[in-house]
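Undergrad: Protein chains in written order, with our numbering: chain V, 23 to 524; chain E, 32 to 415.
Simulated from the structure, these hints should not be mistaken for lab results.
Here the structure is a predicted model, which is why all the values come from computation and not from measurement.
Yeah, the Cβ is synthetic: ideal placement off N, Cα and C, and Gly gets one too.
Possibly wrong hints are sitting among the right ones.
Just the calculated beta-carbon pair ranges, DEER-fashion [what the hints assert, rightly or not]:
{"hint": "1", "chain 1": "E", "residue 1": "R410", "chain 2": "V", "residue 2": "T175", "range": "49 to 57 Å"}
{"hint": "2", "chain 1": "E", "residue 1": "N164", "chain 2": "V", "residue 2": "G496", "range": "55 to 63 Å"}
{"hint": "3", "chain 1": "E", "residue 1": "F308", "chain 2": "V", "residue 2": "G207", "range": "22 to 30 Å"}
{"hint": "4", "chain 1": "V", "residue 1": "P106", "chain 2": "E", "residue 2": "D333", "range": "34 to 42 Å"}
{"hint": "5", "chain 1": "E", "residue 1": "A230", "chain 2": "V", "residue 2": "T410", "range": "45 to 53 Å"}
{"hint": "6", "chain 1": "E", "residue 1": "F308", "chain 2": "V", "residue 2": "G496", "range": "30 to 38 Å"}
{"hint": "7", "chain 1": "V", "residue 1": "D328", "chain 2": "E", "residue 2": "G262", "range": "52 to 60 Å"}
{"hint": "8", "chain 1": "V", "residue 1": "L302", "chain 2": "E", "residue 2": "H411", "range": "49 to 57 Å"}
{"hint": "9", "chain 1": "V", "residue 1": "L281", "chain 2": "E", "residue 2": "H413", "range": "52 to 60 Å"}
Sample of chain E residues facing chain V (criterion: CB under 7 Å; computed from the structure) [said to hold, decoys possible]:
{"hint": "10", "residue": "I250"}
{"hint": "11", "residue": "A251"}
{"hint": "12", "residue": "G252"}
{"hint": "13", "residue": "Y256"}
{"hint": "14", "residue": "I268"}
{"hint": "15", "residue": "E269"}
{"hint": "16", "residue": "F301"}
{"hint": "17", "residue": "R304"}
{"hint": "18", "residue": "P307"}
{"hint": "19", "residue": "R352"}
{"hint": "20", "residue": "S368"}
{"hint": "21", "residue": "Q371"}
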Amino acid sequence: MARTDFVDITAFLPENPRTGLLPFRFARFDQNRYFLSNDVGDYAFLTPTDFEAFVAKKLDPNSAVYFDLRAKNFLSDDRASVHPRILASRYRTKKAFLDGFTKLHIFVVSLRCDHSCPYCQVSRQSEDRHKFDMSVEVAHRGVDLMLSVPSPTVTCEFQGGESLLNFPLLKEIVRYAKERNAALGKTITFVACTNLSTLTNEHLDFFKEHDVQVSTSLDGPAHLHDKNRPLSRASSHALFERSLRMVQEALGHDKVSALMTTTKESLSYPKEIIDEYRRLGLTSMFLRPLNPFGFAVKTSKAIGYDMDRFLQFYKEALDYILALNRQGTYFSESYATIILEKILTPFANGYVDLQSPAGAGLSVVVYNYDGDVYASDESRMLAEMGDTNLKLGNVLKNTYDEIFFGEEMQALAAASCNEALPGCSDCAYQHYCGADPVYNYATQGDLFGHRPTSGYCNRNMTIIKYLISLLHGGDRDIERIFWSWVNRTSKAQVELPEATWL
Amino acid sequence: MALRLRTRAESRSDTPRFTAKLTFEPIADPTRRKDFAFVATGPLSVTELEGYAAIVTTPQENLDQLIASASTVVQVSSLNHFQPGHIVSIEPRSGMILTIFRPESRHNVIFTTERCNSNCLMCSQPPKDVDDNWRFDEHLRLLSLIDEDPQFLCITGGEPTLMGDNLIRLVAEIGSRLPSTNLQMLTNGRTYRDAGYVAKLAAVGHPSFISAIPLYADIAGIHDYIVQSPGAFDQTIEGIYNAADYGLPVEIRVVLHKQSVPRLRQLAEFIYRNFPFAAHVTFMGMEHMGYVKKNWETLWIDPIDYMPALEAAVEILWQRRMNVSIYNLQLCLLPKSLWQVGRKSISDFKNEYIEECGKCSVREHCAGLFTSQVGRYSRHLHSL
Numbered sequence: 023m024a025r026t027d028f029v030d031i032t033a034f035l036p037e038n039p040r041t042g043l044l045p046f047r048f049a050r051f052d053q054n055r056y057f058l059s060n061d062v063g064d065y066a067f068l069t070p071t072d073f074e075a076f077v078a079k080k081l082d083p084n085s086a087v088y089f090d091l092r093a094k095n096f097l098s099d100d101r102a103s104v105h106p107r108i109l110a111s112r113y114r115t116k117k118a119f120l121d122g123f124t125k126l127h128i129f130v131v132s133l134r135c136d137h138s139c140p141y142c143q144v145s146r147q148s149e150d151r152h153k154f155d156m157s158v159e160v161a162h163r164g165v166d167l168m169l170s171v172p173s174p175t176v177t178c179e180f181q182g183g184e185s186l187l188n189f190p191l192l193k194e195i196v197r198y199a200k201e202r203n204a205a206l207g208k209t210i211t212f213v214a215c216t217n218l219s220t221l222t223n224e225h226l227d228f229f230k231e232h233d234v235q236v237s238t239s240l241d242g243p244a245h246l247h248d249k250n251r252p253l254s255r256a257s258s259h260a261l262f263e264r265s266l267r268m269v270q271e272a273l274g275h276d277k278v279s280a281l282m283t284t285t286k287e288s289l290s291y292p293k294e295i296i297d298e299y300r301r302l303g304l305t306s307m308f309l310r311p312l313n314p315f316g317f318a319v320k321t322s323k324a325i326g327y328d329m330d331r332f333l334q335f336y337k338e339a340l341d342y343i344l345a346l347n348r349q350g351t352y353f354s355e356s357y358a359t360i361i362l363e364k365i366l367t368p369f370a371n372g373y374v375d376l377q378s379p380a381g382a383g384l385s386v387v388v389y390n391y392d393g394d395v396y397a398s399d400e401s402r403m404l405a406e407m408g409d410t411n412l413k414l415g416n417v418l419k420n421t422y423d424e425i426f427f428g429e430e431m432q433a434l435a436a437a438s439c440n441e442a443l444p445g446c447s448d449c450a451y452q453h454y455c456g457a458d459p460v461y462n463y464a465t466q467g468d469l470f471g472h473r474p475t476s477g478y479c480n481r482n483m484t485i486i487k488y489l490i491s492l493l494h495g496g497d498r499d500i501e502r503i504f505w506s507w508v509n510r511t512s513k514a515q516v517e518l519p520e521a522t523w524l
Numbered sequence: 032m033a034l035r036l037r038t039r040a041e042s043r044s045d046t047p048r049f050t051a052k053l054t055f056e057p058i059a060d061p062t063r064r065k066d067f068a069f070v071a072t073g074p075l076s077v078t079e080l081e082g083y084a085a086i087v088t089t090p091q092e093n094l095d096q097l098i099a100s101a102s103t104v105v106q107v108s109s110l111n112h113f114q115p116g117h118i119v120s121i122e123p124r125s126g127m128i129l130t131i132f133r134p135e136s137r138h139n140v141i142f143t144t145e146r147c148n149s150n151c152l153m154c155s156q157p158p159k160d161v162d163d164n165w166r167f168d169e170h171l172r173l174l175s176l177i178d179e180d181p182q183f184l185c186i187t188g189g190e191p192t193l194m195g196d197n198l199i200r201l202v203a204e205i206g207s208r209l210p211s212t213n214l215q216m217l218t219n220g221r222t223y224r225d226a227g228y229v230a231k232l233a234a235v236g237h238p239s240f241i242s243a244i245p246l247y248a249d250i251a252g253i254h255d256y257i258v259q260s261p262g263a264f265d266q267t268i269e270g271i272y273n274a275a276d277y278g279l280p281v282e283i284r285v286v287l288h289k290q291s292v293p294r295l296r297q298l299a300e301f302i303y304r305n306f307p308f309a310a311h312v313t314f315m316g317m318e319h320m321g322y323v324k325k326n327w328e329t330l331w332i333d334p335i336d337y338m339p340a341l342e343a344a345v346e347i348l349w350q351r352r353m354n355v356s357i358y359n360l361q362l363c364l365l366p367k368s369l370w371q372v373g374r375k376s377i378s379d380f381k382n383e384y385i386e387e388c389g390k391c392s393v394r395e396h397c398a399g400l401f402t403s404q405v406g407r408y409s410r411h412l413h414s415l
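All chains should be modelled from the sequences, with the hints used to inform the complete structure.
TA: In structure tokens form, the structure reads like this:
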């Protein structure tokens, strides 16, 4: 019959459990707080007193701080056996971007370009030199490789040069990929990266028919954009604005996004750049520093700056964006959104430049116009400057296995896990960051790199800490804004709703 | 208004408990009568009674004659709460008539067992350690009598998984007999720790089956105390993951009382971080039944006093785009920000509104109260 001899709570919460620490990393966050994180992204702040008690296993086992640390998998005791199961599930979820192997396949359909941007990471060729166009044979073989990966979803991205200058081949790749995929049934997302200067209705009709998304570049208002992105025959900005309206009209605002590159000139205009994006109906922007590759290296005196200066600019821009959001405008910064997804959600993030293992080769591969295969856009650029050490093979000469599992790829992979990189392995912000052996190689001459002098480390550590300090600065509105970015909805939709029947 | 589902009747038969559908009209074809209990509203003639599972009637002058001609006659003082098409179980020995299925209701349940492997402080249906495996045959009989798929059906108990493989057969049978019915099961999820069992349940392939599993804290000791079972927390967590691994949808349920409220925010975050796949999270006001009266001091907190914690917990889940609901709480207690997630959740047969509710302008959107709650509710209850 009913068992009413209820047992008191003290029997379930004993005074002296055996406590063990679970794997975690930590750093002094500020004067009053330690920051702790673990491999699945759980994190906690502790006062120095609590932190010392925690590591000495002397926390009161029935205190709120002990409970918090236990619920976040920082400590375990003999009252529980379930942590390994939780951590396994969480870890699998966080690393799900690895499922199915390389998903982003970049086709450099031509090196030709009509622009002469000083920061270009690609050795642009003048427009009329067709020997820098990808051949149909190379394109077909690239598509064959793309469709050979296990993943049921792949992204086929067209880059250049200027991808629209070889539009017939772009069309042929879409046609051939769809034909080959009929029997395979993968989901293929097509993205055209283009400066839009030569856009016509013929392009748009094709994009619409085949659901091709558009990724483009906007550096700010006309005076800045045209200085950063010179075009001999006209104002790049004027052509861009005309074409952007056409794309937004024909494909919808959600099918087009823009990247911004920061030059020395840009540093003075954070607000003007953001306002220009808003004026053109764009609701997000990606604040990118100059890449230490390509032309940018050669021209760094004219357009370059050090990373600390960029980070100052980034914070100014982010603060302005946050102020806009507080007033009810939805506008997000893409890099912050990527990092916030890692901090706030239990899910994996597919952004290839901030992953561990690194995206190079494992998440992204580049088929150059001549058939050479690279693990990333940046390693292709190194090859254009004469360093082919990071070339994985050639689509016409090598097999799938030789390209994706060859010596070059294995050398990259060995330096791809920040869990095992010096300076990263014990970093409290490791989980929210990534690894970039190609960046290390290009800037420091070594795939493993040197963290204290790494721009990648400086940039990411600074931005991650800044975002965490904003999240925990006691301002609930910022938390709501950040969630609205992660959810890609307005701040109003993040707030509790009014009853529909009211 | 509470509905009557249990009738004590006079009966003169020794046959074991059986299940039948009520009819108020005589059934012409005698071969079809075995599924029906004929509810006789007027004087009866003995000639037309052959073949029914039972005759339910008010006191009749010719009762002895009726008994001679029909297998089971149940005599009740009033027939008012019986409806044609309702399915009842009749215990002739005790004279008990239980209404076990009402086609028009959204709250039909299949009561699987009185046994449970937990013994929650606030259990509204205290478990009994009895052998009630006989119920399984009654469930199959009930399913054979339902004419049209109800929109919703809930498997409950006790702990349904204690039926073992019979539960898997039951879910399969519901799936094939009532294919368009949304099927929910209230389970503590502890049996799901056995991945082999979950695999068998998933292999049934029921299209809408969802397991509603309670989780009362993010800390094992607190959850285990509330369910009075050491190790239950770990088993439930493993069970939820096993369900997810085999593609069984899970709803997570939190009953609100003095023991579960202190870590409600942390529990909401725990649920999101560890079970973001949960199809639904529900925060439930406590029903004042069963053990609650015995553990009143341990459990009672006026809901108005936990509203800030509840609002924060709901906002955490809403912000994270989880499907979240509040059950069993009145709109006059909820801040307006929570009205949209408040549901009219209380089963029709035990749902009440008090006199104060009569002048309330949002009554039609309000969950109302449990019948059992009347007299013991929040000091803050008022009409709006």
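Undergrad: To test your reading of the hints: which numbers does this structure violate?
TA: No hint contradicted; all consistent.
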